[in-house]
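Asker: Spelled out, the chains give:
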Amino acid sequence: MSKTIFEYSVSGRKGVTLPPRDSDSKLEGIIPGKFLRQDKAKLPEVTELDVMRHYIALSHKNHFIEKGLYPLGSCTMKYNPKVHEVLVRHSCFNNIHAYQDEQTLQGSLAILYELQQDLAEISGMAQVTLQPVAGAQGEFAGIKIIEAYHHAKGNTHKTKIILPDSAHGTNPATCSLVGYDVVELKSDAEGRVDLAKLKELIDDNVAGFMLTNPNTLGLFESQIVEIAELIHSVDGLMYMDGANLNALLGIVQPGKIGFDVMHYNLHKTFTTPHGGGGPGSGPVGVVEKLIPYLPVPMIAKNDDGYFFDYRHEATSIGKVHTYYGNFAIMLRAYIYIKMLGPDGLRRVSENAIINANYLMKLVAPYYHIEHQESCMHEFVADGTKQKKENGVSTLDIAKRLLDKGYHAPTIYFPLIIHEALMIEPTETESKESIDAFANAMIEIAMECKDNPEMMHDAPLTTPVRRVDDVRAVKILDLRYQIEN
Amino acid sequence: MPYIPTTEAQRREMLTAIGVQNFDELIKAIPEKLRLQGRLHVSEALSELEITRSIVEKTCHNMCAQTANSFLGAGLYDHFIPAAVDTIVSRPEFFTAYTPYQAEVSQGTLQFIYEFQTMICELTGMEVANASMYDGASAIAEAILMAVRKNKLMKAILPATLNPEYVKVIKTYTEGIGVELITAPSQDGLIDLIALEAMMDGTIGSVIVQTPNFYGNIEDVFALDTIIHANPKTLFIAAVDPIALAILNAPSEYHADIVVGEGQALGNSMYMGGPLFGFFASKLDMARQMPGRIVGGTLDKEGNRAYALTLQAREQHIRREKATSNICSNESLCTLAATVYMSLMGREGMVEIATQSAQKAHYLATEIDKLEGFSLAYPAACFFKEFVVNTPLPADKIIQLLLPRAIYPGVDMKRWGFDNQLMIAVTEKKSRKDLNELVSALKEVCHV
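Protein chains in written order, with the working numbering: chain A, 1 to 484; chain B, 1 to 448.
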């Protein structure tokens, strides 16, 4: 086990040098004593080397993309190019203040403007806001836009959003946050939207429909035009969760097939690093009629150059971020799109789809796969066979993969597949690496038969053994207790 | 193709293994008429060398705060960042890692979050902190929503001294569930306590107090505690500057119930305003109402110390429409920078940073106040590192006049409706020379 940074603390040690004071004014002289804190915050007192050793030791306990494949379905854990990291750290990007005069920001604004354009082209949408800083915040902005549209039209009776039971958890949570009732639609036997059931749910109170396409089973919603017609027939709007956009680049433009609003996950499709959970970026694209509701400001251009555009503030949903969103993340996505170009973008999706289908083919003889047709960029296998025949759960299988140097797939999701193993290899993995991963999956299928006991014990070789997360809830230990 | 390893020969081999003749067979689920005809209209691919050239060329159209003498703040601050911060944050082990759902291979991320939570608890005096929100603005919005979950009271008071950009975000976030936002007026750059007291009744669910407030002034938090907690159900939400917390009261001293704030100043570059991160802390009795991820200590199967995401039953991937928030991705890597920053600064370094920022700000305020035509906008209030001055010329005029000298004298308060006012922020990075340069420049351009 690792000590916490607090346990290295020795009174009097310093991790940084600071210039001497240029004033001898006492704090008490400038701030009334009653506002000065009594006891100092007990932060650690450590040297720079202590800090480096500690956090580098911690880093060794992580799985990360350069260490091994990350087959997380719907998370698109592709390789993060390193040129992004170098360029983003240029001092003329990271030392820029949000309230500098626009004349001093023309380089950054040009990048944002072009990124708005490129993302709009990729999705076939009319306009894009870059402000939301995460996929879920993009969903929030998108559903707020739907609400604003109905509000402007006097559609006060619209109270509900329909979404399939295969939807990401953020979808229903977002609808609740905006104030909509969520109506869940059961998927059909093929794992797609059940058009007949959808017809039953359609009435004048439907504000919109939220759909991931390809869906979380990795299947393209082939009846999208019919679905959109149904929703539009009651003046509902079509929202696309763009989590799976990695399957569609240069192949399908969602704005051209019936969707009215969508968010992009720059940290998925456009390979900005996940950062152990963030920061991400969740731009939102809309069709022409929804432009007035986009958050302010937009980035616009006139003869004098680029500027922050607040012209539609009166109709806008307002703001979702203090400033303009996660610039440093957008810059990485911008570089990525520029380096791929039109053919590269299409190649991304083609190879993501080929890799997923190839991997599905390799593991299909060993794991149950409910929907065997060609998948898009991901597929859902499951552990029902192993559960039934060997008493080994999907959790066990996932944990055993960690022993073999892989991250686990997304497990127990989508909720409609029992013991789900949702697998997305991404296009940046080679055939060799997919073959190796498939072999690991096959070995595990054998181990489930030969040694189910060991499977319950997995992982055996990770920095810690299976972690008791039930205990973490029962006995809350949410901070280190510092002694002095 | 960059970053795509599959060769043409392998592509054919893989398609054959899959059992299809060509790629199009794989996407037959996509009706032909829905497919893009032709190529996307984006610019042709650039090599690494070409994009580097193109990006560096773009940076020439920016003028950064490093080469300028900048006094811009208003929530985004240019504090010093030790080199070791970026060395850690640049490690792929941290920055290319996924959310730590698989605890056994994510102990590095989980442990730093646990340490981060501890540091935030130390600074704020709270008992539980989460792993981060998007920014200070969304953290306040989520705090108001948590207050509603806790006491079921649908009114929140936002004082006029709260950052107006936060107010815009709070509005977007809270109107959906029907929270009524009420503005409390200000007096001389501080919350008007008498007016606030008159507004308080049993229906007020929460009062948000930003201190130092938007104008940089320190609110009378002890008087506010008495007024807000006159109704025991009303929650005191404090929005604070984490650097200030090194020297100013821990919010627990004035009985804040929820403490949130913008964390960027802790070791994160400004990047034109993003990424930022919000911190979010409260008393333990609200842990199960919190939004966002929380890490807890536990044991592994052999009884060794380990960490895991905990209280996940609050979150969207489990509770769906009944979750405490829709947040999934947060600003994790920014909190790693903050954790490393606070470790390096340590107990004394944080106090030093805060003290020097305050000393320098007060020196500058005194010197500008002496200039003809300039005066402190709120002379009766005490401030920390940021203050507002009345100017003899429109602030925008001054900003334009100082631009050729590469001085950013502060934020034009006209943006929020105040004529002839500059808001000036000072951090420990400003030398006496920088401060004097601003003073003499202001004097020159305003008295030609």
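Treat the hints with care, as some may be off.
Here are the simulated DSSO-like cross-link-like pairs (lysine-lysine), alpha carbons at most 30 Å apart as the crow flies [as the list claims (entries may be wrong)]:
(1) B:K301 <-> A:K3
(2) A:K474 <-> B:K322
(3) B:K433 <-> A:K14
(4) A:K197 <-> B:K171
(5) A:K361 <-> B:K171
(6) A:K153 <-> B:K171
(7) B:K301 <-> A:K67
(8) A:K289 <-> B:K168
(9) B:K301 <-> A:K289
(10) B:K433 <-> A:K26
(11) A:K3 <-> A:K26
(12) B:K33 <-> A:K199
(13) A:K301 <-> B:K33
Which bits of chain B does chain A cover? Going by a derived footprint, with three or more residues having C-beta under 8 Å, they are [claimed, not checked]:
(14) 242 to 251
(15) 299 to 308
Bear in mind the hints are in silico, worked out from the structure with no lab data behind them.
Just so it is clear, CB atoms sit at the ideal spot from N, CA and C, and this is done for glycine as well.
Asker: If you draw a straight line from the CA of K474 of chain A to the CA of K322 of chain B, is it 30 Å or shorter?
Answerer: 21 Å, holds
Asker: Would the hint linking K301 of chain A and K33 of chain B be met if the CA-CA limit is 30 Å?
Answerer: 34 Å, violated
Asker: Please verify whether K197 of chain A and K171 of chain B have alpha carbons no more than 30 Å apart.
Answerer: 36 Å, violated
Asker: Is K33 of chain B within 30 Å of K199 of chain A, Cα to Cα?
Answerer: Given that 30 Å is the threshold and the Cα spacing comes to 24 Å, the pair holds.
Asker: If you draw a straight line from the CA of K301 of chain B to the CA of K3 of chain A, is it 30 Å or shorter?
Answerer: 19 Å, holds
Asker: Does K289 of chain A lie within 30 Å of K301 of chain B when you go C-alpha to C-alpha?
Answerer: Not satisfied, since the Cα-Cα distance of roughly 56 Å exceeds 30 Å.
Asker: Hint check: K433 of chain B vs K14 of chain A, CA-CA at most 30 Å. Holds or violated?
Answerer: 27 Å, holds
Asker: Holds or violated: K3 of chain A and K26 of chain A, Cα atoms, limit 30 Å.
Answerer: It is violated: about 37 Å lies between the C-alpha atoms, which goes past 30 Å.
Asker: Does the segment 299 to 308 of chain B contain three or more residues whose Cβ lies closer than 8 Å to a Cβ of chain A?
Answerer: n = 9 at 8 Å, threshold three: holds.
Asker: Hinted pair, alpha-carbon criterion (30 Å max): K153 of chain A, K171 of chain B. Please report holds or violated.
Answerer: Answer holds: K153 of chain A to K171 of chain B is near 21 Å, not above 30 Å.
Asker: Could you grab the alpha-carbon distance between K301 of chain B and K67 of chain A and see if it respects the 30 Å cut-off?
Answerer: Roughly 25 Å separates the two Cα atoms, so the pair holds.
Asker: Hey, K361 of chain A versus K171 of chain B, does the alpha-carbon distance stay inside 30 Å?
Answerer: 50 Å, violated
Of the hints listed earlier, those the structure fails to meet are numbers 4, 5, 9, 11 and 13, in rising order.
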